[in-house]
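Here are the chains, one letter per residue:
There are 2 protein chains.
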Amino acid sequence: MERVRASFLENSAAGVGREVAQLKRFTGALCCGLAVSLFLTLGAGLAAAATSLSDEQFEQGKFIYFDRCSGCHGALRKGATGPKITADRMLKQSLAELEETIFDGTDAGMPGWGRTGELTKAETALMAKYMQLPAPIPPEMGLKDMKKTHKVHVLVSDRPKKPEHGRNIDNFFGTILRDAGQGAIIDGDTKELVGVVDTGHAVHIFRASATGRYFYTIGRDGKVSLIDLYAKKPQVVAESRVCLDARSVDVSKYKGPKGDFVDKLAVVGCYWPPQMVVLDGQTLEPLKVISTRSSTYDTNEYHPEPRVATIVASHHDSEWVVAIKETGMVWIVDYSDLDNLTMTQIATERFLHDGGFDATKRYLLIAANMRDQMVVVDTKDKKFVAKFETGVKPHPGRGANWVDPKYGPVSATTHLGEALISVYGSDPDGHPQHAWKIVREAETGGPGLFLKTHPNSNHIWVDSTLSKEEGANQQVCVFRKDQFEEGKKCWQATKRGKIVHFEYNKAGDEVWTAVWDKKGEIIVYDDKTLKEKTRIKGDWLVTPTGKWNVHNTVYDVY
Amino acid sequence: MERVRASFLENSAAGVGREVAQLKRFTGALCCGLAVSLFLTLGAGLAAAATSLSDEQFEQGKFIYFDRCSGCHGALRKGATGPKITADRMLKQSLAELEETIFDGTDAGMPGWGRTGELTKAETALMAKYMQLPAPIPPEMGLKDMKKTHKVHVLVSDRPKKPEHGRNIDNFFGTILRDAGQGAIIDGDTKELVGVVDTGHAVHIFRASATGRYFYTIGRDGKVSLIDLYAKKPQVVAESRVCLDARSVDVSKYKGPKGDFVDKLAVVGCYWPPQMVVLDGQTLEPLKVISTRSSTYDTNEYHPEPRVATIVASHHDSEWVVAIKETGMVWIVDYSDLDNLTMTQIATERFLHDGGFDATKRYLLIAANMRDQMVVVDTKDKKFVAKFETGVKPHPGRGANWVDPKYGPVSATTHLGEALISVYGSDPDGHPQHAWKIVREAETGGPGLFLKTHPNSNHIWVDSTLSKEEGANQQVCVFRKDQFEEGKKCWQATKRGKIVHFEYNKAGDEVWTAVWDKKGEIIVYDDKTLKEKTRIKGDWLVTPTGKWNVHNTVYDVY
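Here the protein sequences come in this chain order: A and B. If you count the first sequence from 1, you need to add 30 to reach this note's numbering. If you count the second sequence from 1, you need to add 30 to reach this note's numbering.
Hint data in this document are derived by calculation from the structure and do not stem from the laboratory. Hints may contain errors.
Remember, identical chains collapse to one label, so a pair may be satisfied in a single copy or spanning two.
[Stated by the list, open to error] Here are the simulated DSSO-like cross-link-like pairs (lysine-lysine), alpha carbons at most 30 angstroms apart as the crow flies: (1) K519 with K548; (2) K567 with K221; (3) K177 with K417; (4) K467 with K178; (5) K413 with K288; (6) K177 with K549; (7) K410 with K285; (8) K263 with K192; (9) K417 with K318; (10) K410 with K288; (11) K410 with K294; (12) K178 with K114.
Chain A with its partners taken away, still in its complex shape:
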């Protein structure tokens, strides 16, 4: 009963969590008799679902929703990469139907959380009920709240002036250990573990600072951690929690007439509250909050939850390129003067997700994946260039750029919703006839998350992590730049877990991929021969997923 009260109160103010407290105050001040008669007048058409979760169960549902569902469906469940799943819609389905969807997933790309072992039958049943209750509204988070979470573990002045070890930092790899809430730093030269550090929950990405001295990680829980790679053992030297849900972090890379911003600033893109937060790059002190609450690019309707999907730091100006998912806007934000902050808001397409630069680093290539499109933004002239359909839910990660023997410079994406790699021209100056048009397509091993290449490589590596066919998500597929599909090779790389995400070493002659499993592994391939060189194993390798090479991350090599 208690839970019903709480969920009602928290949900009634959908969109503005901070009003919950006000609301509680108000209800507290209302005449009890009045309140009763107030609700006595509401009778009619009543669902019993609300009765069936205890406070404890509701909290469990809230965590599972945050962990597995909100990324695609949004905190307010208004939909983005996944469809709108507000309580009123969920009440139109039976609990059995909901359980089936949650357990087995959908053909449209939703993972089967039961089938993959992430949720038990009991958890699935709980989630079906949870979905029929309105979404609880998370609170706001302002600078004062953030500052309470800010910790500097090692003062800037106490940090080493040069590396305290003889390792080659440029070829370090940062690896997410998703379910451990940790990150591992691995020496790319020796394949040795350099150290494991505690990070936020289920880190989404690593970014390297402009000099490569630091790694920044962003947890799903909004905690950003600063890892010093100069230290004898890599260590978290500062941390801040600046969101309740987050996916992106990047750094300032510009040095020029406007100032020297190398290693000076960091920026976190929040999912909730919908905002981006600028931090001191050396201490992670939160400096400025920029709300992303705004109107959709097309219908010009106010959206209460426009999430920051991706941030990429420009190499040619003091700017962050920020993709706002729900509104379909790309904001180019100039960080050179935070008090007089200039930005360009570019109308593109809903719902922006992930992307990176073309080979020249002038164009942002980003997926509007619920619209099955790739979007192109010119970060130099700061304007929309093109959008075009590729396949069902494109998902390029940071993307892959190479020179096709026939079509010139091209870029590519994989897809969440089908086993497809789409290759499109990305050289409007040299090959305008192919620019922003699909020039090649091929079948991959299954619906997947990532692809990757490197200027020194002759291959493009593709995963099929989301495939539901037996063994298919354990495959690796490789295409050749010079022959493309004719040179395609696929093989099963693991018999347990899933294969996910690729990263090259600095030289571009080795490819690392993860076996996403509680007993995880990192498989290292020789990019030339496609032969396995080694497997990195260890108790510490708990659910490895993404991995980032310092050099390739600093310079956006992909």
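Assemble chain B onto chain A, guided by the hints.
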């Protein structure tokens, strides 16, 4: 009882009006027994005030609040020019105390609505009760809603190519007829009424298009009207309602390398929803919505209601300078490319209210009136310059600029909260020692709203509209540019109503002021002799307030 339900439901979601519908759906779906026990658990500390308004009374209170209170206190009552007056705070005062404040006003500058005859005793009592109920949340308004209100009464192609009359449009005056929901166009040469047009409710300002051919009015109700002055009789040729509450409108004035925007665009600044709306300048078709929901400049906390206080069109670039009240930000918005929209967000001071340019039109001089400060923004370099205290709640209108014999170019403001005119240096190049510092102060006839001067005038005219002393708000005071206070003259200009607002004719040798009364008048003074030249009277002159000369408005002459 019904009203209690509705007000509770509407208010519980403070900050996101559109969620009200969702909430109602949810409560409709809740088990009645549950709802009862839910509220039975809330007991304790209960106010009876909630019982005392019928639906009809609540609607009446809502309208009065919108009409008289929300301007200063905000739709959500979070405070701005007036203090925060949320229901929880109002419940700490007795109804008798609230009635006294509402009827008699406060020393801090709140008008005594009863004393001035705006509210009856019964309405005052109703408002006291209304204030102890939580604020109802107005809904959102997107492009689709706006387009439903869009009407083109005369097609652009059907409008005259040149004036259909022999009058001197440049010297036309547009005058608000506040309580009639109308505007009057008066011939400044002949003092004849040219025509009365229906506008939005309680128009806040007139703005002239860049050529002076059109007047735009913005109603408190968010309705913008386009008045064609070429027509034989001035007529509303297009209208749109783009907000539920609004104060500002301006036009595009730029012609240059980026394009010809003369008479091409209009922009409305909304109070609710908190947003600005760009419209086609010729048809008033709504084109783009820019939300102003964002974080405060200082504490970086999300604010659900940052209202657009003032918009001024730049004369040197394709930009609108937009003051956002609650967050204390000035946004410089480039309108030359709406799809790739660039703006600079400048941190200044809360709570921005009204202002205009300095004589060079480079600096925006704007009041942060709850902070007793004037703020200076450089619209050329797009950055904050200075802020400095003046007096209790500065309120310059568009301001007044002249050359002081001792201090060089200066600007000035009157005050809502005291009988004070403050003069400050505004020439940082020629007189840096005086720039943005108070150089002269003098007592006026009382707390007031406006002051005005003209380059061809030797005087500065000041009202004392807010004075509570018998007859004081019926005064006019005039200062001399060459002697300032020594040349001060004050006199009682009317025996009924209040004196409010000044405007010069194009030549700068006549000053018009309004007798704000149901039987209103416009008094025309000879600026040189200070002698009354004529009084414009007529049945149509219902509650005249602000008035704008076409030429002076186009070129920001003040």
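Here is what the structure says about each hint:
1. K519 with K548: Answer is within; shortest intra-copy Cα gap is 27 angstroms, inter-copy 86 angstroms.
2. K567 with K221: Within one copy only: 10 angstroms inside a chain, 91 angstroms across chains, cut-off 30 angstroms.
3. K177 with K417: Between. Shortest inter-copy distance 27 angstroms satisfies the 30 angstroms Cα cut-off; intra-copy 40 angstroms does not.
4. K467 with K178: neither (49 angstroms within a copy, 38 angstroms between copies)
5. K413 with K288: For K413 and K288, both the intra-copy (22 angstroms) and inter-copy (15 angstroms) Cα distances are at most 30 angstroms.
6. K177 with K549: neither (37 angstroms within a copy, 58 angstroms between copies)
7. K410 with K285: both (16 angstroms within a copy, 24 angstroms between copies)
8. K263 with K192: within (13 angstroms within a copy, 80 angstroms between copies)
9. K417 with K318: Answer is between; shortest inter-copy Cα gap is 21 angstroms, intra-copy 32 angstroms.
10. K410 with K288: Close inside one copy (16 angstroms) and across copies (17 angstroms); limit 30 angstroms.
11. K410 with K294: both (22 angstroms within a copy, 27 angstroms between copies)
12. K178 with K114: between (34 angstroms within a copy, 27 angstroms between copies)
Checked against the numbered hints listed earlier, the structure breaks hints 4 and 6; every other hint is satisfied.
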